[in-house]
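Chains as they are written, first to last, in full-length UniProt numbering: chain A, 1 to 201; chain B, 1 to 201.
To be clear, the hints were calculated from the coordinates, so they are not data collected in a lab.
Treat the hints with caution; some may be incorrect.
For chains that are exact copies, the list does not tell them apart, and a pair is met inside one copy or across any two.
Stated by the list, open to error - Mimicking DSSO-like on lysine-lysine, the simulated pairs with C-alpha atoms at most 27 angstroms apart in a straight line are:
#1 K37 x K104
#2 K37 x K58
#3 K58 x K104
#4 K169 x K104
#5 K38 x K58
What follows is each chain in one-letter form.
Protein chains: 2
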Amino acid sequence: MAASTVGPEIEKLIQALSRLPGLGPRSARRAALALIKKKETLLVPLANAAREAAEAAKVCSVCGNIDSRDPCSVCSDPARDPATIVVVEDVGDLWALERAAATKARYHVLGGVLAPLDGIGPDDLAIDTLLGRASAPEVTEIILAVNATVEGQTTAHYLTDELASCHVKVTRLAHGVPVGGELDYLDDGTLAAAMRARTAF
Amino acid sequence: MAASTVGPEIEKLIQALSRLPGLGPRSARRAALALIKKKETLLVPLANAAREAAEAAKVCSVCGNIDSRDPCSVCSDPARDPATIVVVEDVGDLWALERAAATKARYHVLGGVLAPLDGIGPDDLAIDTLLGRASAPEVTEIILAVNATVEGQTTAHYLTDELASCHVKVTRLAHGVPVGGELDYLDDGTLAAAMRARTAF
Numbered sequence: 001m002a003a004s005t006v007g008p009e010i011e012k013l014i015q016a017l018s019r020l021p022g023l024g025p026r027s028a029r030r031a032a033l034a035l036i037k038k039k040e041t042l043l044v045p046l047a048n049a050a051r052e053a054a055e056a057a058k059v060c061s062v063c064g065n066i067d068s069r070d071p072c073s074v075c076s077d078p079a080r081d082p083a084t085i086v087v088v089e090d091v092g093d094l095w096a097l098e099r100a101a102a103t104k105a106r107y108h109v110l111g112g113v114l115a116p117l118d119g120i121g122p123d124d125l126a127i128d129t130l131l132g133r134a135s136a137p138e139v140t141e142i143i144l145a146v147n148a149t150v151e152g153q154t155t156a157h158y159l160t161d162e163l164a165s166c167h168v169k170v171t172r173l174a175h176g177v178p179v180g181g182e183l184d185y186l187d188d189g190t191l192a193a194a195m196r197a198r199t200a201f
Numbered sequence: 001m002a003a004s005t006v007g008p009e010i011e012k013l014i015q016a017l018s019r020l021p022g023l024g025p026r027s028a029r030r031a032a033l034a035l036i037k038k039k040e041t042l043l044v045p046l047a048n049a050a051r052e053a054a055e056a057a058k059v060c061s062v063c064g065n066i067d068s069r070d071p072c073s074v075c076s077d078p079a080r081d082p083a084t085i086v087v088v089e090d091v092g093d094l095w096a097l098e099r100a101a102a103t104k105a106r107y108h109v110l111g112g113v114l115a116p117l118d119g120i121g122p123d124d125l126a127i128d129t130l131l132g133r134a135s136a137p138e139v140t141e142i143i144l145a146v147n148a149t150v151e152g153q154t155t156a157h158y159l160t161d162e163l164a165s166c167h168v169k170v171t172r173l174a175h176g177v178p179v180g181g182e183l184d185y186l187d188d189g190t191l192a193a194a195m196r197a198r199t200a201f
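Can you make the complete structure from the sequences, with help from the hints?
Structural data, given as structure tokens:
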């Protein structure tokens, strides 16, 4: 759209919104219009929230989580089990596990997975700091909660080798039927893994 | 997500983003994470753009367009044809016509369509101001560019009746085959309308 039609301030808002994941140029215009129409209830709160989040958000120097404090609220929670570290690829995975209240352990964010074709090697991930944390005497188990993709599993194998010297138990998430899932819609690999890992009823 | 996991500032950003049309709670979290990870290139510019747009955006007192000036840049453009007014439902429709450079006329934003079941009657739309503008001596044509929905066409018929006393020509957008469209994928109504309105080749 020509800048002359909507004014530079509105054009800049559309541009900024169109860079959000999940919003293209067309939906960014629609979003900008909806925000401007409800200026006091939507646009001003968004501006304030974005400014405050930009000031407050910090990367946790221990685990790599994003929070408004450093160390993050998980790392500084005395109720968390110091013996176990859950390794995740990304902060979003950490948040997902926290939403599910899946563990009372602490986390370690790798910041990605090994992907030689994209030029991402061990030095690009937070592996050195993980080995350092895993060598602490109180740590007894490392849970590899990486995605069940080829890159994720490759990374898991690499980490298992590297962690061999740390004298910790290395575990991974179980494969199986998703809760609420129907067998008929599952892929063969998941079904075979669920069958192999069957448990007593 | 429990507020304790991400801190109140980040939680507020997720809440504000989840109110955008096109973003649900899950994609709002993903967007917030992407913004925070690229704080300087994405989050801070979004905060500034939202604040500046909130300060600058105005509803045009003439046509109802949203712009950073009042009257809007279309209404205050001397190159625009003062004899014709294009009536649209919403500001988004006006922006779409401007992007297409479909007309050099001025606009009038109704702010919706007649929808008796939703309690939206003529008094809820900018119809009085349209009749006032249509009565000006320089205005000779009103183009009804409302959506081709039942409510849009009902509103067009109502406006045609109301505009009868204004001594203006009332026209509407042509129905027909979209440019680039394939006949096989078009609905019967569009095909029949395109056939009726066929033109010399």
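How the hints compare with the structure:
1. Proximity of K37 and K104 under a CA criterion of 27 angstroms is satisfied inter-copy only: 25 angstroms between copies versus 44 angstroms inside one chain copy.
2. Taking the shortest alpha-carbon separations for K37 and K58, only the inter-copy value of 9 angstroms comes in at or below 27 angstroms, while the best intra-copy value is 33 angstroms.
3. When the C-alpha separation of K58 and K104 is checked against a cutoff of 27 angstroms, the pair qualifies only within one copy, where the shortest distance is 22 angstroms, while the shortest distance between copies is 50 angstroms.
4. When the C-alpha separation of K169 and K104 is checked against a cutoff of 27 angstroms, the pair qualifies only within one copy, where the shortest distance is 17 angstroms, while the shortest distance between copies is 72 angstroms.
5. Taking the shortest Cα distances, K38 and K58 sit within 27 angstroms of each other only across copies (12 angstroms), while inside one copy they are farther apart (30 angstroms).
Checked against the numbered hints given earlier, the structure satisfies every one of them.
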